[in-house]
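S.K.: From these two lone chains plus the hints, build me the complex, please.
Chains A and B, in that order, give the protein sequences.
The opening position of the first sequence corresponds to residue 1 in the numbering used here, with each subsequent residue numbered one higher.
The opening position of the second sequence corresponds to residue 1001 in the numbering used here, with each subsequent residue numbered one higher.
Incorrect hints may appear among the rest.
Listed next, the in silico EDC-like pairs over lysine to aspartate or glutamate satisfying Cα-Cα at most 20 Å (straight line) [claimed, not checked]:
(1) K1035(B) <-> D231(A)
(2) K1035(B) <-> E199(A)
(3) K1037(B) <-> E199(A)
(4) K1038(B) <-> D231(A)
(5) K1037(B) <-> E200(A)
Here are some chain A residues pointing at chain B (derived, C-beta under 10 Å) [claimed, not checked]:
(6) G47
(7) E54
(8) A62
(9) A66
(10) L68
(11) G69
(12) G70
(13) E87
(14) R222
(15) H224
(16) V225
(17) T226
(18) G227
(19) F235
Because the hints were derived from the structure by calculation, they are not lab data.
All values reported here derive from a predicted model rather than from experimental measurement.
From the three backbone atoms N, C-alpha and C, an ideal C-beta is built for every residue, glycine too.
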Amino acid sequence: MTVQLMQGNEAIGWGAIAAGCRFYAGYPITPSTEVAEILARELPKVGGKFIQMEDEIASMAAIIGARLGGLKSMTATSGPGFSLMQENIGYAAIAEIPCVVVDVQRLGPSTGQPTAPSQGDVMQARWGTHGDHPIIALAPVSVRQAFDLTVVAFDMSERYRTPVILLTDEVIGHMREPVELPDFSKIQIFEHKVTEPPEEYKAFRNTPDGVPPLVPFGQGYRYHVTGLLHDELGFPTQRIDEIDPWLERVNTKLDKHIDQITLLAEDAQDGARVGLLSYGCTARAARHALKVARARGLKVDMLTLYTIWPFPEKQVEAFGERLDKIIVAEMNLGQLAYEVERVVGRKKVVRVTRANGEMVTPQMILDAMEG
Amino acid sequence: MDDHILEAHELEKHEALIPQADWFNRSETLQKLRKNKKFPTIWCSGCGIGVVMGALIRAIDHLGLSNDEVALVSGIGCTARMPVYMDFNTLHTTHGRALAFATGLKIARPDMKVIAIMGDGDALAIGGNHFIHAARRNLGITALVVNNAIYGMTGGQYSPTTPIGGRATTAPYGNIEPPFPICELAIAAGASYVARSTVYHALELDKFLAEAIAKDGFSVVEAVSYCHTTYGRFNRLGTAADMMRALKDNTIAQSAYERLTPEEKAANTKIVRGKFLDVERPQYTVAYDNLITRVQGGEK
Ligand SMILES: Cc1ncc(C[n+]2csc(CCOP(=O)(O)OP(=O)(O)O)c2C)c(N)n1
Ligand code: SF4
Ligand SMILES: [Mg+2]
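Here chain B stands alone, though its shape is the one from the complex (with noise of 0.2 Å):
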């Protein structure tokens, strides 16, 4: 197994995200949330999407980013809530759009990092187009999409990434659709950097996260969570603590999965956890500069 597998212990953090927990204004990362937001979240305790924030407020901070440079932009859903508690430049958009909406503000101010949050739904239903044709252009953008392969806001309908047989409010005898791999589509469609990880191995997120906001290009990291609430009960998966359990033992690195036989990964049926690509692609806005330059008469 990797190293930086992290414990459970994530959970217990989610559920500290109350001003009155002491360790609120002792942690300097959490410098990073608002203050004036009234806490709690909007989030059932337990939910995933908490840990998910954690690591993106860990990864700009160990960028050494300020909060003025980085605007965070939503789409909506339960994860698409994410960036209201944080001290960036917030913009919480319409269900599916937040790429088109990063796209605008990524090409007016190419220098701010620009990460935008969401659902499956969110990302892949909805905002499908917008996520592929984001990819082709290479826009130095962020997408980080927490899958929890199902729609949690409104209540557990089957999304791109919910599992065959898996059942959901619309899918109540098993859902016959194939779900979407998300980092293969992001890879077809053109990304710069892909990668996967849970919300079981936060540090690992932390770490994609970092690497993803750091990338000028088209950067993706798909965080893998789950939504105890409406699918776990709809397919008895047992509590958020059992859920994140099954996020620990059903994936695999990407390293351990390299080494297995070609029967054996044909057999496999784990999530593969991992960097699927880091590659130098030309940035869209920095694309654009340069046509700038050569249209008013310069070189490039």
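Next comes chain A alone, as it looks inside the complex (with noise of 0.2 Å):
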């Protein structure tokens, strides 16, 4: 392929083509409208089909519907419509099925600011829905990174079963850049290989890796799925002795795969006492001052968060064990900075954010390096 100017949206419509996404639902929302738009030109050219439903609750059900039918699943919205999908984000997890949710933050709460940038929706990725579950989330600092993380978004979610998260922002989203896309044919993502006959068939059996293949419906392997804790068979149960083993499975199988889920870059300097940690379209603004303050002697470390859920606390530890500063850059009130604090304590941690739609500037985080 071709150097191309593209969005960061663009990108993330080419990624999901890319990684075999032939299902979309959706509903209009800024900044992640393009996102729709692409994939409504695109996916037919592919065989692929296009949706827009009612609203963004119905367009995370219609993807869970979309992906027990077989084909790879996504949708994409933004604050509003992210908080709508809760429930049904919640639903996906228990239910272990596989589908990627790309939220391109925009100011909030409510209707906020909706052509504003923001990283508001870190902890509503986490814990947006109800109850304990694990979740994947992914955010990336350019548009090239745009397309690469869809393409890991559907991989991690077919290997693990499970939502993945693309947390993006609208700096992220709208920004163009030059990219050279990778070769569509030779990417490959994870599928599932079932051996057992369909008699034996446990849709949610405890494997040792903690992820049961998924045949999709009408391939005659029949089985239950519900949102209600349930047991092997997906059968309903409140059988503690049911109920308990399938908890662990499930809250643990991230865990079990942890290594490969983290992804991130770190930027470290000989003799550095102070670091930077930051993510998606403020890691930029970081990075621009970690080349400043370089550039004027200082020694600065830096650790930019591409896997921000699971939170990556052993590299977090590390980072904060060797630094007497930390230096936390993000768009929201601190919502990162809560994890880093919790894993690397609060004495270490200076928090440099801004939510009233204004970018973090690298002056900012310069400042708090001399502070």
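M.R.: This is the structure in structure tokens:
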């Protein structure tokens, strides 16, 4: 492919096509709508299907239904729509149906500022639905990475049978950068393989790696799917001896693969006592601040998180251990900083936050370094 | 009266949905029940939902469909528990969303028979928006609405089909909200097939369900039922058998209704049973397949 000038949202659309997504359901909302527009145009060309649903609740439901019908599926939205999707995201998590949910974050709460960027959905992505459940959230820092992480989101959602949130933001979504997309035919997404005959199939079997294979509906493997607590066959149960192993499996399955799930970039410098930690669009400002600081002779480390959830505790802990001060920069009032503080202790963390629709500037981060 | 009126023997059948009953293993139709699921059902004994399940199984059996090609999708409520007992591809979703899940499934697998099973609250209160839009799109899904005019599962709160004056835990002084006419709503929204019967008229339900499932378009069957343990109790309507009898006495077949004079029609308070709509309209998944052909450079 040639180099093209492309928007982040467009790159997400192409990432979905490249990953084999063949069903999209969504409801228009700024600043995510371009994802829908591209897929409405491109999906039929590859035999895929697009539908504009009546709301985001229905969109989320439809992608789960389509995945059970055998199509890799995605939806895209922003804050208000993401809030509406929460109940069915919880459903996908406990029924273990792979799907990708793109949240192009905008300023909230409520209608907020539809065209202004934000990173205010970090905690909603983790805890937006009720109850305990595993979840993966990935945050790209560039247009090319929006493509890559969309592909990775599909792979992880299949591999671990979980919804994956592509937690991007208005800046990345609307920004244009020159990108060269890879050859789609070389992209390989995890595929479920089932070896047992239908009579022995258990859609929620307690396998050693925590992820039983999923066979779509209508292929002779008839089973029950429910949002109620269920046994290995999917039947509702209130028996503690059936619930406990299931809870244990579902809530630890990501831990078993945490090294593969954790994506981040570390830029270490010998002798640094200060570190920057950021993600998404704010990581771009932080990288700029890093360059300026180093040019001024300061020694600074930087950790850019691409995997936000599960929170990369091990790496952040190590980062905190070797540094005296960690600056967490984000476009909210300190949502990911809570996690960093939990892992490295409150004393070491300096928050650089902004939630008024303006970006965190490199200067704000530089000031925090010196402060 | 219509030919297909059954006596209320379905109640006995319902009570017999217990593995030990020896006809359980003999009945051909009940091959469609799940053997590995512990019966009895969660339903109160005497509840009409079991009758609807029987009718659904007979309708599917009548059409000669294999268990693999049928998917049952439900929301939340007493009615929505129905799929788990049957040996199809079964998806028990979130309250009100059965049709939205079913939409994705049907689009992914247009060849499958997708049946959404919902209570009146599930289909018309929390799920009302999905109901009208699924009808508007004319997706090839069958919506089976068990209308007991109450929220059974949560203990008897009023629903969008509770009659005016009806008492419910949240309408202690009587309901003041006019009810939704489900069939009229479905027709106005764009469905292809719309029919209503009751759990008393089980054979009629069988027939309507078989036609609805065979239809390539959005089909709606309203199965009027009752909830004797909540609505019946609050409104002193007697036992399950009394409420079953009331469905016999307080309904009128469409054919008989059509013969009434305009004055009699205006004064009629009985529920009309019958098939109200059966038309051919472009089905969504067919239209989408044509779109794909067109986009890819073919004709259509
Ligand atoms: C989002 C949500 N809101 C409320 C409930 C509680 N709830 C469960 S079933 C139900 C009503 C069921 O009534 P209906 O659909 O008529 O089914 P029935 O039990 O009468 O068959 C309600 C309100 C829920 N499960 N989820
Ligand atoms: S509560 Fe009412 S609707 Fe629910 S099972 Fe009992 S009788 Fe049936
Ligand atoms: Mg009801």
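S.K.: Take the hints in turn and mark each one as holding or not.
M.R.: Here is what the structure says about each hint:
no. : hint                 : in the structure
1   : K1035(B) <-> D231(A) : 16 Å, holds
2   : K1035(B) <-> E199(A) : 12 Å, holds
3   : K1037(B) <-> E199(A) : 14 Å, holds
4   : K1038(B) <-> D231(A) : 13 Å, holds
5   : K1037(B) <-> E200(A) : 15 Å, holds
6   : G47                  : 6 Å, holds
7   : E54                  : 4 Å, holds
8   : A62                  : 4 Å, holds
9   : A66                  : 4 Å, holds
10  : L68                  : 6 Å, holds
11  : G69                  : 3 Å, holds
12  : G70                  : 6 Å, holds
13  : E87                  : 6 Å, holds
14  : R222                 : 5 Å, holds
15  : H224                 : 5 Å, holds
16  : V225                 : 5 Å, holds
17  : T226                 : 4 Å, holds
18  : G227                 : 6 Å, holds
19  : F235                 : 6 Å, holds
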